[in-house]
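A.B. asks: Residue numbers (the numbering used here), protein chains in the order written: chain A, 1 to 223; chain B, 1 to 259.
Partial list, derived from the structure: chain B residues whose beta carbon lies under 10 angstroms from chain A:
{"id": "1", "residue": "98"}
{"id": "2", "residue": "99"}
{"id": "3", "residue": "101"}
{"id": "4", "residue": "103"}
{"id": "5", "residue": "132"}
Since the hints were made in silico from the structure, they are not lab data. Just so you know, even glycine gets a beta-carbon here, dropped at the ideal spot from N, CA and C.
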Amino acid sequence: MTLSFFDQFMSPTYLGIPLIAVALTLPWILFPTPSARWLNNRLITLQGWFINRFTQQLLLPLNLGGHKWAALLTSLMLFLITLNMLGLLPYTFTPTTQLSLNMGLAVPLWLATVIIGMRNQPTAALGHLLPEGTPVPLIPVLIIIETISLFIRPALGVRLTANLTAGHQLIATAAFVLLPMMPTVAILTSIVLFLLTLLEIAVAMIQAYVFVLLLSLYLQENV
Amino acid sequence: MGTLNSTLKFYMPVLTIVPTIKSACLPRLVQLSHLHTSPNSQAPVPALPEKGGKTRHGIIPEEIFQLLYPKTGVTGPYMLGAGLLTYILSKEIYIINHETFAAACMGTVIIYGVRKFGPDVAAFADKLNEEKVQKAQEVKDLAMTSLAQAVLDEKKEQWRAEGRQMLFDAKRNNVAMLLETNRRERVHMVTNEVKKRLDYQIALQTLHRRMEQEHMVNWVEKNVVTSITPQQEKTSIAKCITDLKVLAKVQQAKATVAI
Numbered sequence: 001m002t003l004s005f006f007d008q009f010m011s012p013t014y015l016g017i018p019l020i021a022v023a024l025t026l027p028w029i030l031f032p033t034p035s036a037r038w039l040n041n042r043l044i045t046l047q048g049w050f051i052n053r054f055t056q057q058l059l060l061p062l063n064l065g066g067h068k069w070a071a072l073l074t075s076l077m078l079f080l081i082t083l084n085m086l087g088l089l090p091y092t093f094t095p096t097t098q099l100s101l102n103m104g105l106a107v108p109l110w111l112a113t114v115i116i117g118m119r120n121q122p123t124a125a126l127g128h129l130l131p132e133g134t135p136v137p138l139i140p141v142l143i144i145i146e147t148i149s150l151f152i153r154p155a156l157g158v159r160l161t162a163n164l165t166a167g168h169q170l171i172a173t174a175a176f177v178l179l180p181m182m183p184t185v186a187i188l189t190s191i192v193l194f195l196l197t198l199l200e201i202a203v204a205m206i207q208a209y210v211f212v213l214l215l216s217l218y219l220q221e222n223v
Numbered sequence: 001m002g003t004l005n006s007t008l009k010f011y012m013p014v015l016t017i018v019p020t021i022k023s024a025c026l027p028r029l030v031q032l033s034h035l036h037t038s039p040n041s042q043a044p045v046p047a048l049p050e051k052g053g054k055t056r057h058g059i060i061p062e063e064i065f066q067l068l069y070p071k072t073g074v075t076g077p078y079m080l081g082a083g084l085l086t087y088i089l090s091k092e093i094y095i096i097n098h099e100t101f102a103a104a105c106m107g108t109v110i111i112y113g114v115r116k117f118g119p120d121v122a123a124f125a126d127k128l129n130e131e132k133v134q135k136a137q138e139v140k141d142l143a144m145t146s147l148a149q150a151v152l153d154e155k156k157e158q159w160r161a162e163g164r165q166m167l168f169d170a171k172r173n174n175v176a177m178l179l180e181t182n183r184r185e186r187v188h189m190v191t192n193e194v195k196k197r198l199d200y201q202i203a204l205q206t207l208h209r210r211m212e213q214e215h216m217v218n219w220v221e222k223n224v225v226t227s228i229t230p231q232q233e234k235t236s237i238a239k240c241i242t243d244l245k246v247l248a249k250v251q252q253a254k255a256t257v258a259i
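Please put together the full structure from these sequences, using the hints given.
C.D. replies: Written out as structure tokens, the structure reads:
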């Protein structure tokens, strides 16, 4: 089973069944359900603590209307972080490297924030297109720029895709180059590979967090 | 109200017997009424084990080593692992490719992370649970100390209540003393008043007597002074002078003897 560079990015199918669906259910399977006990085992205690802290931090800048999004944002964060971290294991497929998935997550959520803003407080939502204190001659240009910036926000998904794909590709390339190498040079490349691994772990977590954070930011503006 | 009491007294034994009969004859009848209304199980939760399963090298369960020990001894599982690996590699069931190195790197990082931070994370999770238990324990301890304190206070109150007899006696004595003091004061006042009256009478009588005495003395003196004749006066003065001369001589004689 020889692998080419891009095998890790091909959406796997088996007998016509797209296995990405199975890959997407993996985070749900891996997190244990909080039990009805008062004192749990370490895993559930840590999971509960992490989710509580994360939700609390995320909802700090949001007002009451944004609190309705708590479950969605936290579950999104857990989903993305698990998918990213699982993708770092060898021979795994990372669903978040597929642009379709990420845009499918980003565009509806972003559009939801925009529509909520336009429906509930249209004046304020349109007011965001012109920052305070701009000099009068700049106003037309600035409105156009802000509108473009508003419509480019679904780049949330593109960001996630790009980061993860790039990371995985770098690791694959460094490992591939390592394969037929002389020992002396191989050590250097191993160091590079090691550092890349560390970077990838960090990037996996950070990108998931950035996704959710930016969404909460857009929500904060509009809710 | 009386009829209610009597009916209750009649039916109470029946009411207590019926559920016991029900639970004895039809076990778990109560459970049937909650058939599939919630996903949670009503069964009692078994206790969690204190520690997880024992593993060797962090991943392989100890049970596999125990399983193979009778037939292959201590080195059995290791031989199995090495042979399996060699077989897979030589038959090219698994080919070493770039993912192998990536896997090796990732494995190093994961193992290092778990070995280094594992105990801390476990201690943290235990601390979270400990805090929960400690909060409940605090409540329980507080309740117990407050109840023990209440028992002590109650005992003290009972001891105080025993001494109330002494308190009553003391109060009674106080009142009696006050009354006695009051009575004595009034008796004293009465005697003083009576004495004042009597003193007045005495003073009046002495005044009378003195006035009579003075009057009599004045009358006697007046009569004597009027009855003194001039001849009597001359003879008495001459006698006085001779007496004085005698006295002077005597005194002079005493003075010279002294010197």
